[in-house]
Amino acid sequence: MSVADGSRHGYGIMQDVRSRSQGRVQLWPAALYGSLRELQDLGLIGETAARPSKDEDDERRRYYRLTTRGRRVLEAEIHRLEDLVKAARGAGVVARPKKA
Amino acid sequence: MRFPDQTYRALLRMLRVGRSEEVSAIVADGRQLLADAQHEGRAAVVRLWVILFMDAVRTGVRLDVSHALRLMARAPGFTLTASLTLALGLTATTTMFVLVNGVLLRPLPYKEAQRVVMLWESNPSLSRPQDGPSPGNLLDLKERRGPFSHLAGWSTVKMTVRNGEGGIPVTVSQVTDGFFDVFALSPVIGRTFSTLEYRGVAVSRGSFGGHEPTLVLSHRLWQELGGDPAAVGGMLDVDGRQWRVIGVMPRDFDMPHQSMLWIPWDPRAAYPPDRFPAGPPRDFRFLRAAARLSDGVTTESAGAWARTVGGQLASDFPAFNRDWAITLTPLSDFVLGRVSSGLVALFGAVALLLVLTAVNISSLMVARTLERTQELALRKALGASQLRVVRQLVIEAFLIAFSATLVSVLGTVLCLRGLIPFLPDSIPRLDELAVDFRVIMFSTALALLAASLGAGLTALLAHRSDLALVLKGSSARVTRSGAARLRGTLVVVEVALAVVLLVGAGLLVRSWVALHSVDPGFDPSNVVVLRVSADPRRYQGGQTAEYFRKVVTSLGELPSVQSVAAVTALPMSEVGANFRPFWPEGPRPDAPSVADVRMAMPEYFRTLRRRLDAGREFDQRDTQTSTRVVVVNESLATRTWGSHPPIGQRLVLDYLGGAYPYEVVGVTRDALYEGLRSEPRPEIFIPHAQNPYLLMNVIARTAVPAEDMLQAARAQVLSVDREQSVHSVTTLERLLDETLSTDRLALLLLTMFSVMGVVIAAAGVHALMTRTVVERRREIALRMALGASPETLMWSVLRESVSIGSLGVAFGVGAALAIGRVASSFLFGVMPYDPVTLVAVVAIIVAVTVMAAFLPARMAMRTDPMSILRS
Chain A
264 MSVADGSRHG
274 YGIMQDVRSR
284 SQGRVQLWPA
294 ALYGSLRELQ
304 DLGLIGETAA
314 RPSKDEDDER
324 RRYYRLTTRG
334 RRVLEAEIHR
344 LEDLVKAARG
354 AGVVARPKKA
Chain B
119 MRFPDQTYRA
129 LLRMLRVGRS
139 EEVSAIVADG
149 RQLLADAQHE
159 GRAAVVRLWV
169 ILFMDAVRTG
179 VRLDVSHALR
189 LMARAPGFTL
199 TASLTLALGL
209 TATTTMFVLV
219 NGVLLRPLPY
229 KEAQRVVMLW
239 ESNPSLSRPQ
249 DGPSPGNLLD
259 LKERRGPFSH
269 LAGWSTVKMT
279 VRNGEGGIPV
289 TVSQVTDGFF
299 DVFALSPVIG
309 RTFSTLEYRG
319 VAVSRGSFGG
329 HEPTLVLSHR
339 LWQELGGDPA
349 AVGGMLDVDG
359 RQWRVIGVMP
369 RDFDMPHQSM
379 LWIPWDPRAA
389 YPPDRFPAGP
399 PRDFRFLRAA
409 ARLSDGVTTE
419 SAGAWARTVG
429 GQLASDFPAF
439 NRDWAITLTP
449 LSDFVLGRVS
459 SGLVALFGAV
469 ALLLVLTAVN
479 ISSLMVARTL
489 ERTQELALRK
499 ALGASQLRVV
509 RQLVIEAFLI
519 AFSATLVSVL
529 GTVLCLRGLI
539 PFLPDSIPRL
549 DELAVDFRVI
559 MFSTALALLA
569 ASLGAGLTAL
579 LAHRSDLALV
589 LKGSSARVTR
599 SGAARLRGTL
609 VVVEVALAVV
619 LLVGAGLLVR
629 SWVALHSVDP
639 GFDPSNVVVL
649 RVSADPRRYQ
659 GGQTAEYFRK
669 VVTSLGELPS
679 VQSVAAVTAL
689 PMSEVGANFR
699 PFWPEGPRPD
709 APSVADVRMA
719 MPEYFRTLRR
729 RLDAGREFDQ
739 RDTQTSTRVV
749 VVNESLATRT
759 WGSHPPIGQR
769 LVLDYLGGAY
779 PYEVVGVTRD
789 ALYEGLRSEP
799 RPEIFIPHAQ
809 NPYLLMNVIA
819 RTAVPAEDML
829 QAARAQVLSV
839 DREQSVHSVT
849 TLERLLDETL
859 STDRLALLLL
869 TMFSVMGVVI
879 AAAGVHALMT
889 RTVVERRREI
899 ALRMALGASP
909 ETLMWSVLRE
919 SVSIGSLGVA
929 FGVGAALAIG
939 RVASSFLFGV
949 MPYDPVTLVA
959 VVAIIVAVTV
969 MAAFLPARMA
979 MRTDPMSILR
989 S
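Protein sequence lines correspond, in order, to chains A and B. My numbering numbers the first residue of the first sequence as 264 and each following residue consecutively. My numbering numbers the first residue of the second sequence as 119 and each following residue consecutively.
Read the hints as simulated data drawn from the structure, not as lab findings. Incorrect hints may have been included.
Estimated spans, in silico, between C-beta atoms of each pair [claimed, not checked]:
| id | chain 1 | residue 1 | chain 2 | residue 2 | range |
| --- | --- | --- | --- | --- | --- |
| 1 | A | 350 | B | 976 | 57 to 63 Å |
| 2 | A | 347 | B | 184 | 24 to 30 Å |
| 3 | B | 194 | A | 347 | 30 to 36 Å |
| 4 | A | 334 | B | 559 | 37 to 43 Å |
| 5 | A | 350 | B | 893 | 58 to 64 Å |
| 6 | A | 334 | B | 988 | 53 to 59 Å |
If you only want the chain B side, here are some residues facing chain A, beta carbon under 8 Å, derived [said to hold, decoys possible]:
| id | residue |
| --- | --- |
| 7 | 139 |
| 8 | 144 |
| 9 | 174 |
The beta carbon of each residue, even a glycine, is placed where N, CA and C say it ideally should be.
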């Protein structure tokens, strides 16, 4: 999801995941790159050559973005989860989300 | 704080977490994270370092493990065989470890148990190394006390606890004051006896020193009675008398073994001065005694004290104590006794089996490494470091070890559940056995050790496989021949270990057969046994004899009962006979011989089918007023009168109440009283009518299986007098069988181990020969093409297999002979180098190796030379 709206480097993904999960999920670099490699091997994400301007960049960083295939898998997964949640609500397994 | 770039990078590299450009990216991110953490202070930085380190290690191991799992999934046959073989060996070993750990290794539950010693009286000239102290000598020891803070004696009796309808037969320990202090274990509920509560108590005399009878319950009996804490303070009916329950001992207090309740005992009250003017007897050595060393006293100095006091007792009372010394042994020896050497030996056997399994998986792993020589060489050529290749092998080995451990822990739980009912009661602390953390650690450690052996050997191979040559294909052969030799050696070791196990099992089988062909001197089949104890308050002297006469008559009225009698101590029963001095009529010699003395009722020998060689049984003629008569056994007759006919001879027996002359009226053949391994001892029988005893073993020979008569017999005895206690109703065959339970267990386990060992070794031979045939298929094809017959080829494979088997047999038999000396104490009627066993083992192993090689040999025979030579 982190790389859906554009390319991100490893550290960026870590920050993004942390803020999205309100600090509940923290990825660490070695494990993260292991997962990135797996996703790459599955063809869900790819490395991009596009890099930000020189002064913001660190040459050792690597940037990743979602591939078309990856986007389709992501969408399918989100639909699946939505259906699951819907089914669960219908069965009364979970309460309706509280209105904030 | 500076980020340790280089260290982090080296770590990531070593763990091969990613490609080098990924490593750079990870390091960069790590540095960024550290910069963030700097703001939060030093602690946050340290925490981050730890996290990054763990993260790297976890990822690295995860990658390796998943790689290894993929490889193993590609070779399911290897993975499954290796894991299951190892699991099998581990299960057997772990199960034995649970036994050894639970029974032997765990410390006794008493505070500073190593400071508790057992006290014995020993007389080497009579070959009596460990008799319990006599009441008189025990009192002297207690008075002197010397290096001990507490010293106590005890004996056990059987009683019946009446609980509502039924009665529970229980082992009751009569203990002298200080008993609970010796073991220094407090009751879980209530208290133990006060000094006053011991005074004057002797239940055998019906004496309670004027106070209320009190008792302490074992945890087990307390549970059986409902486990109500309020039971303490309440009353309990034991042998028809009301006792006040004052305490419950902890669960693991098992002194003496299987004691269900404890009652006080005062030797002075048991042997009152009006009947024993010289004080409690000094030559009835039936008690057990233990003492706790005072602080700062060593076992050695206590031993020296015991020698001194023993010497004094011998010179003060030479009539009873001449040649008797006082000796000490550690409490653990007493508690664990003979069990310990047997368990250790079985554990040794199972350790052999585990080594065999480890060798087997090593040979499997070596074979697999051989198959992967190309792959490994390629990986090295592609830049995988030596370390990484080895690490891969180690991880694979450990994964196998891990899965084997899981299976074996489960297997151990199941095995224990199946095994415990077969374990003899004589093994102490059985109910405390459990698979605990220590056991799991043990199993894991063994698995890792076994895996390390395999991994070590394969790593060695991998190291030697020189990649350039292997890739060229030329040196594959060189490496392989070394590896093949290694595999051959491993299989020879497997066969040798299997031979050792098989020889052990074979010797036990031979011992078992020998034990069963021993003639015990009586016929144990179809005999009902009942222990009947008459209440001393109700029956005295002649009344006791009358009561037992009625019991015997009443039992004889049952249909299908052929004959009935009673005796004080039966063969195989836990109550021994009295051990007394006697001599041919005349003055008392300096060192009289000793004999086991038993009181028997008429028809005893007929009922037991114990042959009388001369003279007669006891009968109605023998009464309290008639001439004192005895029946003796052959051993005694030959030792005392040589070839003179013993009938009509007179001997003096020093028995309770003094030394009187007796006339020999019968001679019976020898019998083995303490199990089939025992030696016959001199015996004297006295008619029960002339010396009435309160506690008798009543025996009835039946025309139908004795098992079917137990209930009826018990009811019939109770019908004579409901108030008297009848318990331990069983059959003589069962009693005899129980003496063999340890032998049976050892035989069962060792046979299982050796069968497993032979199967594993056979699998090893089979795998090796299959591999050999596959590797040599070109040679075989060539020979075939040159006209060798299929039979010749098959024979050549079988020959090779047999030669491996023979090497294994040679080493194995050598090892078995070396170990045999240790094992000889477990054998009966067979030598450790028993040729029959050795020949049988050799035959079995040769047959098994031939069978194991049969399929590969047939494969060689069916080789199609053309297709192979063309390929």
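Hint by hint, here is what the structure shows:
no., hint, result
1, A:350 to B:976: 57 to 63 Å, "holds, 60 Å"
2, A:347 to B:184: 24 to 30 Å, "holds, 28 Å"
3, B:194 to A:347: 30 to 36 Å, "holds, 34 Å"
4, A:334 to B:559: 37 to 43 Å, "violated, 50 Å"
5, A:350 to B:893: 58 to 64 Å, "holds, 59 Å"
6, A:334 to B:988: 53 to 59 Å, "holds, 54 Å"
7, 139, "holds, 7 Å"
8, 144, "holds, 4 Å"
9, 174, "holds, 4 Å"
Hint violations for this structure: number 4 only, all remaining hints satisfied.
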